[in-house]
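Sequences are here, hints too, so could you generate the full structure?
One letter stands for each residue in the lines below.
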Amino acid sequence: MIEFIDIIGTLVFAISGALTAIYKKLDLFGVYCIAFVTALGGGTLRDILIGNAPVGWMLDLKYIGIIFIGFLLSILFNKYLEKLRISLFLFDTIGFGVFTLIGIEKGIEYQLHPVICVVLGTLTATFGGVIRDILCNEIPVLFRKEIYATLCILGGILFFILQELNVNQDVLYLATSSFIISIRMIAFKFNWSLPTGNAFLKKG
Amino acid sequence: MIEFIDIIGTLVFAISGALTAIYKKLDLFGVYCIAFVTALGGGTLRDILIGNAPVGWMLDLKYIGIIFIGFLLSILFNKYLEKLRISLFLFDTIGFGVFTLIGIEKGIEYQLHPVICVVLGTLTATFGGVIRDILCNEIPVLFRKEIYATLCILGGILFFILQELNVNQDVLYLATSSFIISIRMIAFKFNWSLPTGNAFLKKG
Amino acid sequence: MIEFIDIIGTLVFAISGALTAIYKKLDLFGVYCIAFVTALGGGTLRDILIGNAPVGWMLDLKYIGIIFIGFLLSILFNKYLEKLRISLFLFDTIGFGVFTLIGIEKGIEYQLHPVICVVLGTLTATFGGVIRDILCNEIPVLFRKEIYATLCILGGILFFILQELNVNQDVLYLATSSFIISIRMIAFKFNWSLPTGNAFLKKG
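Protein chains in written order, with the working numbering: chain A, 1 to 204; chain B, 1 to 204; chain C, 1 to 204.
Any given hint could be a false lead.
It does not matter which identical chain is used: a pair holds within one copy or between any two.
Here are the simulated DSSO-like pairs of lysine-lysine, each with C-alpha atoms no more than 27 Å apart in a straight line [what the hints assert, rightly or not]:
id : residue 1 : residue 2
1  : K189      : K62
2  : K79       : K25
3  : K25       : K145
4  : K189      : K25
5  : K189      : K79
6  : K145      : K83
No lab work stands behind these hints: they were computed from the structure.
Put into structure tokens, the structure is as follows:
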């Protein structure tokens, strides 16, 4: 189950990266690269930081293939994908939930402290987008108006609270990812965002 | 002693990163992230390059806490911190001196050549700021007008000359960091900077 | 032979990085850093991804020296180097051919799949330029109009086809690098480039 959603998450992240690159007028190689880093950049950074080498995607060719499919779909059907934006947003959100779990699991495997595991989950889910924005020469949207990261952190905290309570693993996974996914839906609906540091600057 | 100054250095680097992010109008998560990479980015890059994994801050939660304190102070008291700019500059400079030493020590621990140790010391002290500038979408100030890096290199060279002379370790540490700190003060006072490559372009 | 061309490739990449930095009006330290990452950034990223630590240039001081020579040449003779642009282009192209081979070899040494080896070869040859462009605050030229990467990929595929055919190793190296070098010359002559993703956007 988690592997299937991992594939869906990777595919949708790749599509979102490819669409961004197409709008930035990059060439085909650039579009593939941006799709790649958006989908795998977060996990790659996590693997580098914890010393899991060679990094994950080098040992499982599946990922290069999935991203190629996302790349092709984006090139051929970008007009339709735009119309599907809401459905894509759903998949994208599922991606965030699952990638956070995968990152946390990796941290546990390396016997790191729960706080660090939550950091790794958040990194895995969000830093692909940060690297995409850096490569596209923009200040990462994650640092400006998205609340993804906050949700990943809250989801991660929930994960460890439930684990402390000895909740069954399937329930643990389902509860954490449902939490991240449903709060993000609500946040999107009501247009929530974090205050900027600047807000404090004016009052300070 | 070195641990205490390490904490001060981390805190002041975090504050300087957070203040930059606040002016860039990032949201609270963005401000925390920029504070984090400014303070720990250099050491993280050093650990990745020498293969010290998981990287340092993952094994010592203290750092995440210190940066949180720096983040809170910046959000709450940014107006006052601005007025304290000169005192902060002092701490910041101490940070450069200490981080350079920590980087050099790490290189020696990994039995790398003195030249590489100096490179690692300079990286540790200065590349947090480079990553901060990349994330904030600016050409790193380090490459344009700061002489931090030159001082870290000179301080590193001094370190190995003194070590050759079998100077006592405490004196070694004190002399190297005092050198970096005092020259930077003088440089600041007289507004020294490196010539740009461009200057040679015109004459060339 | 491959070591000699490695030196030439590193030198020419360093010069190309330094010239870019000089035009960007960076200071001398910035010029050296950009020369360094242009020449060694791709190989460094490759080493980090496969877990080859400490990364290559830390164990062989030769590279720091070669880059210093490239830095000095660029500072002192940038006017003449500009006139030599065509000869430099030749060396630069040789650099791409050789760096691709070195990256592929490294992947084989780590027993990675041929597809991943081709990715590593392409990374080694091209990502120094990507990091240079990020540091200089530009969208990487590699993603916009260069076909280097496509050639490295095609060259890498040729490498593994010839290897399957049990071709003698010297012939293998010569054929692969000649292929990359000659196609790039032809591409330059006829001004070939990849279509942008944007082209598909309009039709899509």
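Hints, one by one, checked against the model:
no., hint, in the structure
1, K189 - K62, "neither (34 Å within a copy, 37 Å between copies)"
2, K79 - K25, "within (15 Å within a copy, 33 Å between copies)"
3, K25 - K145, "both (24 Å within a copy, 10 Å between copies)"
4, K189 - K25, "between (30 Å within a copy, 24 Å between copies)"
5, K189 - K79, "within (24 Å within a copy, 35 Å between copies)"
6, K145 - K83, "within (23 Å within a copy, 29 Å between copies)"
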